[in-house]
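Assemble the whole structure, with the sequences as input and the hints as a guide.
Residue numbers (the numbering used here), protein chains in the order written: chain X, 1 to 307; chain D, 308 to 829; chain E, 830 to 1120.
Among the clues, some could well be false.
Have a look at the derived ranges for each label pair, beta carbon to beta carbon [unchecked claim]:
| # | chain 1 | residue 1 | chain 2 | residue 2 | range |
| --- | --- | --- | --- | --- | --- |
| 1 | E | His875 | X | Gly240 | 30 to 38 Å |
| 2 | E | Phe885 | X | Val301 | 52 to 60 Å |
| 3 | X | Ala92 | D | Arg821 | 21 to 29 Å |
| 4 | D | Thr827 | X | Phe56 | 35 to 43 Å |
| 5 | D | Gly793 | X | Gly58 | 39 to 47 Å |
| 6 | E | Phe949 | X | Leu198 | 41 to 49 Å |
| 7 | E | Leu997 | X | Cys220 | 28 to 36 Å |
| 8 | E | Pro897 | X | Leu30 | 15 to 23 Å |
| 9 | E | Val911 | X | Gly58 | 53 to 61 Å |
| 10 | E | Pro897 | X | Val301 | 52 to 60 Å |
| 11 | D | Thr806 | E | Phe919 | 26 to 34 Å |
| 12 | X | Val301 | E | Phe1009 | 36 to 44 Å |
| 13 | E | Phe1009 | D | Glu359 | 58 to 66 Å |
| 14 | D | Thr806 | E | Phe838 | 54 to 62 Å |
Below 25 Å or equal to it, Euclidean Cα-Cα: the simulated DSS-like pairs (lysine-lysine) are [claimed, not checked]:
| # | chain 1 | residue 1 | chain 2 | residue 2 |
| --- | --- | --- | --- | --- |
| 15 | X | Lys13 | E | Lys937 |
| 16 | D | Lys658 | E | Lys1047 |
| 17 | E | Lys961 | X | Lys12 |
| 18 | E | Lys1047 | D | Lys364 |
| 19 | E | Lys937 | D | Lys656 |
| 20 | D | Lys355 | E | Lys961 |
Covered stretches of chain E, as calculated for chain D (at least 3 residues, CB under 8 Å) [claimed, not checked]:
| # | region |
| --- | --- |
| 21 | 860-868 |
| 22 | 1043-1052 |
No wet-lab data here; the hints were simulated from the structure. On a predicted model such as this, the values are computed, not experimentally measured, just so you know. Heads up, the beta-carbon is just placed ideally off N, CA and C, and yes, glycines get one too.
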Amino acid sequence: MKKPRAALVPWKKDLKANRTLYLLMLPVILWYAVFHYVPMAGAIMAFEDYSPMRGFLGSPFVGLQHFLDFFDSYYFFRIVGNTLIISFLSLAVEFTLPIAFALAVNELRKGRFSGLAKSISVFPHFISLVVICGIVIDFTGPGGVINQWFVSLGYNGTAMLQHPELFRPIYILSGVWQNMGWDSIIYIAALMAIDPTLYEAASIDGAGRWVRLFKITLPCILPTISVMFILRVGNIMNVGFEKIILLYNPINYETSDVISSFVYRKGLIDFQWGYSAAVGLFNSVINLGLLLFANRLSKKVSQSGLF
Amino acid sequence: MKIASLLSCSVLALALAIPAAAQVYPLKGAPTLSYWMTAGPQWQNRYKSLAETAFGKGLMKATGATLAFTVAPANQADQSFSLMLASGELTDMIEYSWLTAPGGPDKYIRDGYIVKLNDAMKKWAPNLTAYLKAHPDVDKMVKTDEGSYYGFPFLRGGDYLQVFQGPIVRKDWLDELGLKVPETIEDWTAVLRAFRDKKGAKAPFAMSPYTNWGPTFGYYASPAFVGAFGALKDWYVEGGKVKYGPYEPQYKAFLQLFSDWYKEGLLDSNIALSDQKARDALFATGMAGATVANTAGGIGYLNTMMKTKDPKALFVAAPYPVLKRGDKPKFGQLDLPYGGQRTVAISAKTKNLEAAVRFLDWGYSTEGSLYYNFGTPGESYNMVNGYPTYTDDILKNPNKLSVAEAIADYARASYNGPFVQDVRYMEQVANTAEQRQSITIWSTTDMAKYKLPNITPDEKDISAMAKIMSEVSTFVSESFTKTVLGTMKVEHFDKYIETLKKLDIEKAIAIQQRAYDAYTKR
Amino acid sequence: MKQSASERFGTLLIAAFLTLFLLATLYPLLHVLFASLSRPSLLMGHRGPILAPLGFSTQGYEMLFRNPFILSGLVNSLVLIVGGTSFSIFMTALAAYVLSKRYARLTKFFSVVVVVSMLFSGGLIPFYLTVKGVGLYNSLLSLIIPFAMVTVNLIILRTAFEGIPASLDESARIDGAGHFTILFRISLPLVMPTIAVLTLYYAMDKWNGWFYASIFLKDRELHPLQLILRSLLIDGDNGTMAAGSDNADMMMLGQSIRYAAIVIGTLPVLALYPFLQRYFVQGSLAGAVKE
Chain X
1 MKKPRAALVP
11 WKKDLKANRT
21 LYLLMLPVIL
31 WYAVFHYVPM
41 AGAIMAFEDY
51 SPMRGFLGSP
61 FVGLQHFLDF
71 FDSYYFFRIV
81 GNTLIISFLS
91 LAVEFTLPIA
101 FALAVNELRK
111 GRFSGLAKSI
121 SVFPHFISLV
131 VICGIVIDFT
141 GPGGVINQWF
151 VSLGYNGTAM
161 LQHPELFRPI
171 YILSGVWQNM
181 GWDSIIYIAA
191 LMAIDPTLYE
201 AASIDGAGRW
211 VRLFKITLPC
221 ILPTISVMFI
231 LRVGNIMNVG
241 FEKIILLYNP
251 INYETSDVIS
261 SFVYRKGLID
271 FQWGYSAAVG
281 LFNSVINLGL
291 LLFANRLSKK
301 VSQSGLF
Chain D
308 MKIASLLSCS
318 VLALALAIPA
328 AAQVYPLKGA
338 PTLSYWMTAG
348 PQWQNRYKSL
358 AETAFGKGLM
368 KATGATLAFT
378 VAPANQADQS
388 FSLMLASGEL
398 TDMIEYSWLT
408 APGGPDKYIR
418 DGYIVKLNDA
428 MKKWAPNLTA
438 YLKAHPDVDK
448 MVKTDEGSYY
458 GFPFLRGGDY
468 LQVFQGPIVR
478 KDWLDELGLK
488 VPETIEDWTA
498 VLRAFRDKKG
508 AKAPFAMSPY
518 TNWGPTFGYY
528 ASPAFVGAFG
538 ALKDWYVEGG
548 KVKYGPYEPQ
558 YKAFLQLFSD
568 WYKEGLLDSN
578 IALSDQKARD
588 ALFATGMAGA
598 TVANTAGGIG
608 YLNTMMKTKD
618 PKALFVAAPY
628 PVLKRGDKPK
638 FGQLDLPYGG
648 QRTVAISAKT
658 KNLEAAVRFL
668 DWGYSTEGSL
678 YYNFGTPGES
688 YNMVNGYPTY
698 TDDILKNPNK
708 LSVAEAIADY
718 ARASYNGPFV
728 QDVRYMEQVA
738 NTAEQRQSIT
748 IWSTTDMAKY
758 KLPNITPDEK
768 DISAMAKIMS
778 EVSTFVSESF
788 TKTVLGTMKV
798 EHFDKYIETL
808 KKLDIEKAIA
818 IQQRAYDAYT
828 KR
Chain E
830 MKQSASERFG
840 TLLIAAFLTL
850 FLLATLYPLL
860 HVLFASLSRP
870 SLLMGHRGPI
880 LAPLGFSTQG
890 YEMLFRNPFI
900 LSGLVNSLVL
910 IVGGTSFSIF
920 MTALAAYVLS
930 KRYARLTKFF
940 SVVVVVSMLF
950 SGGLIPFYLT
960 VKGVGLYNSL
970 LSLIIPFAMV
980 TVNLIILRTA
990 FEGIPASLDE
1000 SARIDGAGHF
1010 TILFRISLPL
1020 VMPTIAVLTL
1030 YYAMDKWNGW
1040 FYASIFLKDR
1050 ELHPLQLILR
1060 SLLIDGDNGT
1070 MAAGSDNADM
1080 MMLGQSIRYA
1090 AIVIGTLPVL
1100 ALYPFLQRYF
1110 VQGSLAGAVK
1120 E
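See the structure below:
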């Protein structure tokens, strides 16, 4: 829906007329300049053998060496691989389950039960990540509730986060616990917006539950699903490091170490500032590309996107 | 009589000089010094900073310096340190493990973070200088290859303080089963089997964070068991050649042993456990009967804890195992007098160099040393026949504090800092017969011959070394875990060696060798 | 809509599954709550689910609050939430208002500035040095000012402002009102639901935050609650870390302290929860960001 283009007002007139408006924006621009654009200049660290005592201008220039080192590293594939795998698993599980949940709740539309279902399922979303991870560590640790349950099924009772192959399920499922309810809300809202007369017509025609699902429900919420999906795809190289850092340890790095946690560790713990900045920069650029791609795709599919 | 007047002049000068030296403390001008450190685990949840403890207050009073502390939480030490460096604004004094900091102390001097202390020490640190002169081997340790002093070190003042870890076993179970304290690997296998079969222990040998079963985590790389086969889990020196234990062929036999033990159910199935709580639970429920632990934190702690669970339980130290009975263990835990912990360096940008140096030097004086180790006379200790004896407040604290925590209120002997740890601290803290014996038993090794000193690789080698070793140590600890669990086969040991070669371990060994040669020439 | 027998059975099945799921969602929280109120000695050896407190004891809480940083953490978090959220809403409102005025030519440029900032970042160290450089280090302001605006929220609010008819604007201007007045007296009240949602978002961010607090605040007494909880819950430090600790009692209490910490870390959210519920739908929709 494009608005008709008005004739452009000449600058002088514009500045005079909107002086106070622009003044309102001044603190905002200042804020962006100081806290976003000034630090951007620091990205030059990625091309230097940075040392804080010599500063940005005094540290020796090494060009693309850090990037090459990263691509050459024994663990390059592991880190990028983990990032992608965790993202795809998240897409497969954390994306689809809220939809299924919303559909289920929608089937029980009438009654206080769905209200209760929503309330309870959404609550974990508001619990802080630190607490969530604390619970996870406790429950999967030796003697923990979940751990013990698996012991009764034959598991050997060791701390589950010490097993690299268990990290991803723990990471994903705890994410489901925390966010499924909240993520489902948008689908529930979309479902409620479906015209009820469609269903009435269908039931008159004798359509059963599954037919209703595939012929009416899903097509109606498809636009919502596709926008959400595409935006998620745009973020596949962007696994946030906070939860990873809270749950990972050297024993499970094999499956838990992702790009963002690697950047953090190299930068802040190993003092390899330039190298860490380079990997971070690499990640930023890839993310930017994916985001733009996803945005374009989303606009094509449903006329709506992030920008 | 020119000579006489000259003589009397110099005698007069001397007479005037000596009292002047004794009036250094409290420091003139009451300087304010900033001090960065990580919180001591023994007090970090009770005090916001060292300044609030009785120790801190007394320290400031005695030296006359006012200290402005910046205390980093223990679990954020590296991050906080990194951020401080990144900002370029360092406090006057920085207490950190400079020896093991990435790049080595020389790098930080060269890059302009901290001061090379040689001249300053000569002028203003008579106490430390005297100590180092009297202990030339220690002197070598606290310098860099280039001969620079970089910080005021934490030193262990005697052999008695350098050994405190080794295998422990439940004596009451041994007695019950008619077994002797195990000495050889064969003995151990028999004992663990007996624990499993006759005492119902599901994890006869418990593994825990104190033992560090992989070079990447924990503080100590325990030589127990692996040492019996003539290898170690970390670096060592043999006949002038630097070696990396996990790369040596003897390491295979060690992997085989543990893999077999695991299959037989003699090991705690939580081999990668990093939780003291779970280990304690194993002992409390009678599921385990042996492990590798420390004198106070292991034997002392367990024997106290078990009193409520099973009053008969008694943990004692077992010697480091050997292959053939009668052999002396080749390797054992042995801390060097200087390990680099909590060394205090001085910022290159400080305006209070003399005050800082003098302040830190006080800890090495007679008075200061007593204070850092034992605290305040009358409150935390009393001189009994010339022997500083901790009070009951410390040893049997009424507020349920542990001995280490109680000491930390008044002194620093129970952790580290810029002073020389006094042997008499350990003599009192290791207060049961079992604990005292453990030190003697565990000291009976040849480790002193093989211990790798604190070498620092050359600057251009350091980043290569760091990159190689971070990948190598991850691989080694993962391989150990996998082998013991059975997912990696011991027969494929050559493949494991191949991978290590691919990870450039030989390059790392060469770098270490160069560093070692440079060290011996110091 | 009448349901056949099979349909009713299907509905029942769905209801059963949902109930199961909801119990599974609730259980961890109940477990923690009951465990925190259990006697430590009984808790130590206990295996399996906990459906009621084992014995009754508040020792975990007593020991927890002996840590002076728990209380200071709560206070700091409160300050951050109140101060930070109001400042953020203020700044976001300013920015969104201006950006919504498409007739002004410069707003296109402003939009670009805003969007580009979202796509690219200089990394943690430069950001840290900047914040330090402007003098905010070791002050709670370091968690308020540099984090004033989340660009996505800005876009949401801009969209809301764009929904206000331009005629309201014009009549106010004719009456001589300046932009500042229009924004805060006319426009803002009209988008209160959106403001409420953004308040929720910003407040949640402040409540959950721990990482940047660890970077910018060196004094532990300034640390917000979640950062304090991190050392308790994740790093396993509950005061028993003393190498050579011979205090078996403390070891037992460690577990209880952890559970009490989890409860305290969740309590404020639980208390506000009923109040928050009405904003769920708007919040979730806003999160989808439609243009």
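Task: Violated hints - listed by number, lowest first - done: Those not satisfied are hints 3, 5, 8, 9, 11, 13, 17, 19 and 21.
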